[in-house]
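Number of protein chains: 2
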Amino acid sequence: MLSEEQAAVVPGDHVFDQAIAFRPAGAGLLTGASHPAYANMVGPYGGIIAAIMLNAVLCQENLLGEPVSLTVNYAAPIADGDYTLQVRTVRTNRSTQHWAVELVQDHGVAVFATVLTAIRRDTWEASDVTFPQVPAADQVAPFPTQGRAPWAACYDMRFMSGGPDALNGDATVPEIRVWVRDQPPRPLDFPALAAICDAFFPMIYARKQKRVPIGTVSLTTYFHANAAELQQTGTRHVLGVARSHRYGKGFFDQSGLFWSPDGVLLASTHQVIYFKA
Amino acid sequence: MLSEEQAAVVPGDHVFDQAIAFRPAGAGLLTGASHPAYANMVGPYGGIIAAIMLNAVLCQENLLGEPVSLTVNYAAPIADGDYTLQVRTVRTNRSTQHWAVELVQDHGVAVFATVLTAIRRDTWEASDVTFPQVPAADQVAPFPTQGRAPWAACYDMRFMSGGPDALNGDATVPEIRVWVRDQPPRPLDFPALAAICDAFFPMIYARKQKRVPIGTVSLTTYFHANAAELQQTGTRHVLGVARSHRYGKGFFDQSGLFWSPDGVLLASTHQVIYFKA
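Chains as they are written, first to last, in the working numbering: chain A, 39 to 315; chain B, 39 to 315.
Worth flagging that the hints you see were computed from the coordinates, not collected in a lab.
It is possible that some hints are incorrect.
If several chains are the same, the list does not tell them apart, and a pair holds so long as it fits within one copy or across any two.
Said to hold, decoys possible - Calculated lysine to aspartate or glutamate pairs in the EDC-like style (CA-CA distance at most 20 Å, straight line):
no., residue 1, residue 2
1, Lys314, Asp160
2, Lys314, Asp144
3, Lys248, Glu163
4, Lys248, Glu213
5, Lys248, Asp208
6, Lys314, Glu163
7, Lys246, Asp194
8, Lys246, Asp166
9, Lys314, Asp118
10, Lys314, Asp166
11, Lys246, Asp220
12, Lys248, Asp55
13, Lys246, Asp203
Based on the provided sequences and hints, a complete structural model is requested.
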């Protein structure tokens, strides 16, 4: 039986499905190509890369369960064009499975990732964080993506704080708050959520009050939701809230939470980012 | 020239140095053995495993810079006895270097990790979090480690909230606050800090008001400090503060910060933990 997330690997009409699609190329090998719609300043948008790495696991025949944890290491820019994905099952336990994925081009390994999937059973449920009091997505102005890198137009983003607009005079912004969904709308699934988890603009733009050279070097996302909870979100916006902890010696970190509009915590996400300033 | 952290791989008199020591076993191969002092309920304490994985990188001759990011995936329990570490340089850039490490025993890969090291240069510095107002370490009672798993006795832990003592009647504890240092005292370095980043007790013990079966499945630590800042901490306690976000479907996450007693943010650390309840 194809699970919800496996169905997503079949390239559909949506540009996101095209961007994360690939074709089999031998045992544990897949080939794909960078999609211009998700281009960033140098190479593809980090979020689409995260989705590709996760999708490479989710389409495997021996997949056990749903994603729990994803770590993506951005080792070098992906050049425009084709790439090969090498997918390896590191360990299969009774209810958990560990994966390693490498994205390789002629110049070597550009990206490598580790993924944990698990059969998730109903257990005790609780949350230690509360859904923030924010206006509904339709009460917030969409962020204008003209003049931005192409990937930004693949999202409908509605910043309440911490967006690039904060460049105009608020160097103390401690928190990013943004409603975000795919543009055009697309039902939420694990690859889409993995991509959205990188859809914050780097906090340092607001803190420094200017654009500085940056690049995510490692990103980790923990998925709290199962496929059913993602399905319930459908094509609606999800709420992202993020903070940084420390900037210095060429790197800073950024940690975020993503909520469904119904107040369900879908994922927590963390990254460490190179900067020059 | 041996860097500060390289010096630490030479087994010293301290039990921590013995526990993370290994000997060369061919190109990219090291062998080590589990140390009884850091035993947990099943296999070694996760923090000592993190230190071992990091140390395997820090002792490499072609090492570039200092650790920035460490992700450890706990795929299976480590059996008592010998293990082999396979260390691979995935990519070397001008100022960053990406690593993959696997800890292998007869039963297969037990643990695998990814590490980013970088030459860290002075840049703009800032912090978006403030050092918590807490009593000094010597004003807080040490946590009694008798009757606990052996590893607990390798630390001097002083809980202000969220410790296993919270099992007595506070099921709402939202935050762990603890002063911690190696026992006996040992100057802080990167492997020691990597190990300490796992020295929170799992929040679910307090939330459920009982011990439940748990196990960390993936741990990510971002190092904000450089070797000089760790040296300044010396043998003093570091302050750990941690929270969880969501518990459900067999897993919960926990995110923490570790501060020097001088108020310098040394690391942020995140993990996702299996539980049965």
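Checked hints:
1. Lys314 <-> Asp160: between (45 Å within a copy, 10 Å between copies)
2. Lys314 <-> Asp144: Answer is neither: 28 Å inside a copy and 45 Å across each miss the 20 Å cutoff.
3. Lys248 <-> Glu163: between (42 Å within a copy, 15 Å between copies)
4. Lys248 <-> Glu213: within (17 Å within a copy, 35 Å between copies)
5. Lys248 <-> Asp208: within (11 Å within a copy, 46 Å between copies)
6. Lys314 <-> Glu163: Between copies only: 11 Å across chains, 42 Å inside a chain, cut-off 20 Å.
7. Lys246 <-> Asp194: neither (25 Å within a copy, 40 Å between copies)
8. Lys246 <-> Asp166: The answer is between: 13 Å across copies meets 20 Å, while 32 Å in one copy does not.
9. Lys314 <-> Asp118: Cα proximity of Lys314 and Asp118: none, with 24 Å in one copy and 45 Å across.
10. Lys314 <-> Asp166: between (35 Å within a copy, 18 Å between copies)
11. Lys246 <-> Asp220: neither (28 Å within a copy, 38 Å between copies)
12. Lys248 <-> Asp55: Cα proximity of Lys248 and Asp55: none, with 33 Å in one copy and 45 Å across.
13. Lys246 <-> Asp203: within (13 Å within a copy, 43 Å between copies)
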